Structure formats: structure tokens, C-alpha cells
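A.B. asks: Letter by letter, the chains look like this.
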Amino acid sequence: MTGRFPLAAMAIVIGASMGSLPAAAQDKPFALALSCAACHGTDGKSPGSIPTIGGRSAKEIKESLIAFKSGTRPSTVMKRLAEGYTDQDIDALAAYFSKRK
Amino acid sequence: MKTFSRRSFALMAGAAAGTALARPNLAFGASARVVVVGGGFGGATAARYLKRLDKQLNVTLIEANKQFVTCPFSNLVLGGLRTMDNITHGYDGLAKGGVRVIHATVQGIDPGARRLSLSTGNPVLYDKLVLSPGIDLNYGGLPGYSQAAAERLPHAWKAGPQTMLLKRQLEAMPDGGTFIMVCPDNPYRCPPGPYERASMIAHYFTTKKPKSKIMLLDAKESFSKQGLFQEGWQAVYGRMIEWLPGKAGGKVTEVDAKSMTVKTEFGDHKGAVINVIPPQTAGEVARAAGFATPAGWCAVDFTTFQSKVDPNVYIVGDAAIAGAMPKSGFSANSQAKVAALAIVAALNGGKSEAPAFANTCYSLIAPKYGISVANVYRVTDKGLVAAPGGGVSPSNAPAQVRSQEATYAEGWYESITHDMFG
Numbered sequence: 001m002t003g004r005f006p007l008a009a010m011a012i013v014i015g016a017s018m019g020s021l022p023a024a025a026q027d028k029p030f031a032l033a034l035s036c037a038a039c040h041g042t043d044g045k046s047p048g049s050i051p052t053i054g055g056r057s058a059k060e061i062k063e064s065l066i067a068f069k070s071g072t073r074p075s076t077v078m079k080r081l082a083e084g085y086t087d088q089d090i091d092a093l094a095a096y097f098s099k100r101k
Numbered sequence: 001m002k003t004f005s006r007r008s009f010a011l012m013a014g015a016a017a018g019t020a021l022a023r024p025n026l027a028f029g030a031s032a033r034v035v036v037v038g039g040g041f042g043g044a045t046a047a048r049y050l051k052r053l054d055k056q057l058n059v060t061l062i063e064a065n066k067q068f069v070t071c072p073f074s075n076l077v078l079g080g081l082r083t084m085d086n087i088t089h090g091y092d093g094l095a096k097g098g099v100r101v102i103h104a105t106v107q108g109i110d111p112g113a114r115r116l117s118l119s120t121g122n123p124v125l126y127d128k129l130v131l132s133p134g135i136d137l138n139y140g141g142l143p144g145y146s147q148a149a150a151e152r153l154p155h156a157w158k159a160g161p162q163t164m165l166l167k168r169q170l171e172a173m174p175d176g177g178t179f180i181m182v183c184p185d186n187p188y189r190c191p192p193g194p195y196e197r198a199s200m201i202a203h204y205f206t207t208k209k210p211k212s213k214i215m216l217l218d219a220k221e222s223f224s225k226q227g228l229f230q231e232g233w234q235a236v237y238g239r240m241i242e243w244l245p246g247k248a249g250g251k252v253t254e255v256d257a258k259s260m261t262v263k264t265e266f267g268d269h270k271g272a273v274i275n276v277i278p279p280q281t282a283g284e285v286a287r288a289a290g291f292a293t294p295a296g297w298c299a300v301d302f303t304t305f306q307s308k309v310d311p312n313v314y315i316v317g318d319a320a321i322a323g324a325m326p327k328s329g330f331s332a333n334s335q336a337k338v339a340a341l342a343i344v345a346a347l348n349g350g351k352s353e354a355p356a357f358a359n360t361c362y363s364l365i366a367p368k369y370g371i372s373v374a375n376v377y378r379v380t381d382k383g384l385v386a387a388p389g390g391g392v393s394p395s396n397a398p399a400q401v402r403s404q405e406a407t408y409a410e411g412w413y414e415s416i417t418h419d420m421f422g
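Listed in order, the protein sequences are those of chains A and B.
The opening position of the first sequence corresponds to residue 1 in the numbering used here, with each subsequent residue numbered one higher.
The opening position of the second sequence corresponds to residue 1 in the numbering used here, with each subsequent residue numbered one higher.
The following block holds chain A by itself, in its conformation from the complex (with noise of 0.2 Å):
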């Protein structure tokens, strides 16, 4: 039973740890990619005539959104949507959005 405390208090370090992790490195929920659903649907899967995000790439997702917020790519809100994202939030919004399937 030696090993129990110091394996038991290094997973609540790494448990702890996690919050901290920027967005992009993890496939958890934040703040931003959830207000996403209200449009885009839940998880990125519309229902309606809004198109569905979730499950594509990566990499499609991220230049969508550098496209959109510099202008290169027409939109009706995602332009005004887009400028308020930082390249940070570009990143994991695009690792958020392809994770969900």
C-alpha cells in the first residue's frame, strides 16, 4: 500500500492541471464553442437551414474563419462573429468542432 497516496494525489494534480490547459490542447467544452450551438445546433449539428459544423475538419474549420474574419470569404454574421475571435480561439474552435462526431 506504499504507493497509494503519491499515485493517488498525482491524478488529482493532473485533474487539477486541466482546467488550466489552453482550449486547442484539450476535446473539452468551453464557453465560446458552446455559444456556437445556438445557430450551428448542439455539438455543431444543425437542424435547420444553418450549415452544420461539427465533424468537419480541422483544418476546413480554420481557414472558414480566417476567411471569414478578414472578409475573403462572403457571410452575413459570421464576419462580425469572426472578427471578435482571437487566432487562439480560431485553433480551438477548429479542434473543438472536428472532434465532434
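No lab work stands behind these hints: they were computed from the structure.
Remember, predicted model here, so these are calculated numbers, not experimental data.
Keep in mind that a hint or two might mislead.
Below 20 Å or equal to it, Euclidean Cα-Cα: the simulated SDA-like pairs (lysine to any residue) are [claimed, not checked]:
| no. | chain 1 | residue 1 | chain 2 | residue 2 |
| --- | --- | --- | --- | --- |
| 1 | A | Lys62 | B | Pro388 |
| 2 | A | Lys101 | B | His418 |
| 3 | B | Lys213 | B | Ser259 |
| 4 | B | Lys167 | B | Val101 |
| 5 | A | Lys28 | B | Leu53 |
| 6 | A | Lys101 | B | Lys55 |
| 7 | A | Lys45 | B | Gly422 |
| 8 | B | Lys213 | B | Pro187 |
| 9 | A | Lys28 | B | Asn348 |
| 10 | B | Lys270 | B | Glu151 |
| 11 | B | Lys66 | B | Pro161 |
| 12 | A | Lys45 | B | Phe421 |
| 13 | B | Lys351 | A | Pro29 |
| 14 | B | Lys66 | B | Ser119 |
| 15 | A | Lys99 | A | Pro51 |
| 16 | B | Lys55 | A | Asp27 |
| 17 | B | Lys158 | B | Arg168 |
| 18 | B | Lys270 | B | Met240 |
| 19 | A | Lys101 | B | Leu53 |
| 20 | A | Lys59 | A | Met78 |
| 21 | A | Lys45 | B | Glu414 |
| 22 | A | Lys45 | B | Ser119 |
In silico negatives: residues of chain A with every beta carbon more than 10 Å from chain B [stated by the list, open to error]:
| no. | residue |
| --- | --- |
| 23 | Gly55 |
| 24 | Thr72 |
| 25 | Arg73 |
Quick reminder that beta carbons are idealized off the backbone N, C-alpha and C, glycines included.
Since the structure of chain A is provided, determine the placement of chain B on it from the hints.
C.D. replies: Okay, now just chain B, sitting in the frame of chain A:
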């Protein structure tokens, strides 16, 4: 004796120790109890996402009504584009997702005992409480207006029977009548709502009663998406809609249901149908428990939406003072997710990441004429503020852009109602 592998033993020990340490207020193995009050855009979203984020949570939703009628798209019912059935939703999807749904009213909150008393007589205990009570109409804020007067001068600012009452009045109105809307000062639920409503009623008049007029008497000097609304009104409805800002005679000082008269500093106006949108406050359950400021709204920590009064209580949606975010269904949905993430983190002994929020509000000027305002919001040292960029649809855009936004407005409604109710 069965031997554990080193790895599985470590996981078990870690899980057990982690649970015991992280949930000090709970008996070993017990699930945390999160209670959500109010089953609208904030509350339904909070309940659904709490359960999605942590299946072990014991999530209870308390909502007075068996069905929820959305304020978004209720203006489309007035315009004849939607039926009440189209905008009415039940709670079965949430129940199937593992949320315990109790249809009752909250009669009191005891923050010390973390206990709610309910109209059912059975109290409910919580570890964390989410309040999403929406608005109450402040009838006393407008002389002459009252709950009784609202039976003649509907507000229709909570969707349901009031929406139907206003619709029936509009249908009974003779062609050539004047419809008056009394528009409130900020802050209030759905900043562009009165102007979308005027648009939808203009659409109805144009198709059924083209000689009728619409007069908006506004306490404000300007309003949400004003340039786009006025551009659209002129293009689609000519001179049917007249808007009077506060200083030009729009400020209403008194209403009289008996004589169907609205009084302003510049004189009286008689209407065939009068829609009075009165001043508002946070819903009573939050005010009665002492969570509201004297102005009637609830101050929260923007990173978590925890009440400034009680950190075990999270207040989302229209009831909250949310900095630059408008009081909209989308805002409530976004805030509810931030609160759910914060609650799950707190129950596990951690902190959620600095949140970003989003809001998009669509308004329909005509069936194929949509406009929007869209922003990301962040917490900075200046409070909860709009991120760079964002704003409203372009002015003088081609018809195709307006039509696309009308289509996306419908898509938004489909998505957000599925997101809330499952």
C-alpha cells in the same frame, strides 16, 4: 484474491480521493444537486448543459408551466407567418436527457439551508442554484397601466395568452385604424423586439388592412438596429410606420384603458389597438430572495454569472445585469452555458476558464427581409464588453442578403430551441 494492475488501482484511488476532496459538502458517493428555476432560454439551456457536461449531476428544473412559448418568433405569429403551435415547446426532451422536471412555482428561497419551498409543498435542496426567472412587468412604472388594464391594452411581452389577445385585437380592428405601441426605456427584454413587432404588424396590415397606420411612441431617443429598421420600413411599407422618439412627443406619461388613450407631454393619442410594453424588472423569485439591486435587476460576476449576493446562486438571462450583452434569448443561452461550466468546475474543486460569450439577434422586417446584430463578448477590466468588430447588418444591402438573413433567422430558431429542449 484478485490483483489490480498498477494503472487501474491508481485510477480508482485517484477517482475516489478526488471525489472526496472535491466535494467536501457531499456525503461520499453522493451526486451534487443543482436546481434550475425557470424553463426558458436561460434555464432550459442550463439544465440541459449541466447534465451534458456531467452525467453524474442530479439536475432538477423547476418551471411553473407545462409548455414554454418563446418570445422570439411571437412577433411572426402576429404577422401571420407562424402559429402559436410553432413556437410552443414541452419539456419531454429535457426529462429524457436525465433532467428531473418539476412543474411548480417557487414560494421562497432559504439561502442558508440551500432550500427552495415550492407550491407542491415538497421543498427541494440544492448545492448550487441557477435562477433564470426572466422578467416581470413593472405595471406600476407607467401610470394607468395594471394587470387589469393589460387585458385591454396587451403587453404581449411574455408570449402566450397575451400574444393571442393582441392578435385577436388586430384581427378585429377595422381597416384604416391606428395601432399604437408604447415602447419602453432601456433596459428591457429584447431591444429590437418592439421594432420587429411593428414590422410584422405592418406586414399583416399591408396584406389585410392596407389603410391602417402604426404609431410607435418611444421613451427612448434611439433604438436597436434603428437605421436598418427605418430603411426597411420605408422600402417595404412606405409611410405606414411612424416612430416618435421621447423628445419629439414619444414619451408616454399615462395610459387609459377605458378611453383607449395614450397621453404624452405633447398631447393625447387614441388608438384602435394599443400595445403597451411597460418597464420591467427581474422575475419576482430573484427579487424576493434579495438578489436584485434597487433598480430591480441582478448583479453577477461576469466570469461565472454567480450572484454578487450569494455565490451558491447563478443568475442568467434577462434577470441579470450583463454589461454590454442585450437581454436576448441567445444571450441567456450563452450565459447559461458559462454558468453550467462554472458550476461543474466548482463542484469538482476547480475554476472554469475565462469565458467568451456570443449573441446574434435576428429581426424580420418582412417574410424575406431579415437583419441582425452579432457580437462576441468578453470580460475585461472594463466589465463584460463587446469584442472587436461585430455590429449590425450592412445598410443598403442587396435583397439577396436580406433574404439570406431571413432564412438564417429561421435556422437560428430551429437550432436554439433544439439546443435548449433537446
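A.B. asks: Against this structure, judge whether each hint is valid.
C.D. replies: Hint-by-hint comparison with the structure:
no., hint, verdict
1, A:Lys62 - B:Pro388, "19 Å, holds"
2, A:Lys101 - B:His418, "18 Å, holds"
3, B:Lys213 - B:Ser259, "19 Å, holds"
4, B:Lys167 - B:Val101, "31 Å, violated"
5, A:Lys28 - B:Leu53, "9 Å, holds"
6, A:Lys101 - B:Lys55, "19 Å, holds"
7, A:Lys45 - B:Gly422, "12 Å, holds"
8, B:Lys213 - B:Pro187, "27 Å, violated"
9, A:Lys28 - B:Asn348, "15 Å, holds"
10, B:Lys270 - B:Glu151, "17 Å, holds"
11, B:Lys66 - B:Pro161, "14 Å, holds"
12, A:Lys45 - B:Phe421, "15 Å, holds"
13, B:Lys351 - A:Pro29, "14 Å, holds"
14, B:Lys66 - B:Ser119, "15 Å, holds"
15, A:Lys99 - A:Pro51, "16 Å, holds"
16, B:Lys55 - A:Asp27, "17 Å, holds"
17, B:Lys158 - B:Arg168, "16 Å, holds"
18, B:Lys270 - B:Met240, "17 Å, holds"
19, A:Lys101 - B:Leu53, "17 Å, holds"
20, A:Lys59 - A:Met78, "17 Å, holds"
21, A:Lys45 - B:Glu414, "11 Å, holds"
22, A:Lys45 - B:Ser119, "38 Å, violated"
23, Gly55, "16 Å, holds"
24, Thr72, "15 Å, holds"
25, Arg73, "14 Å, holds"
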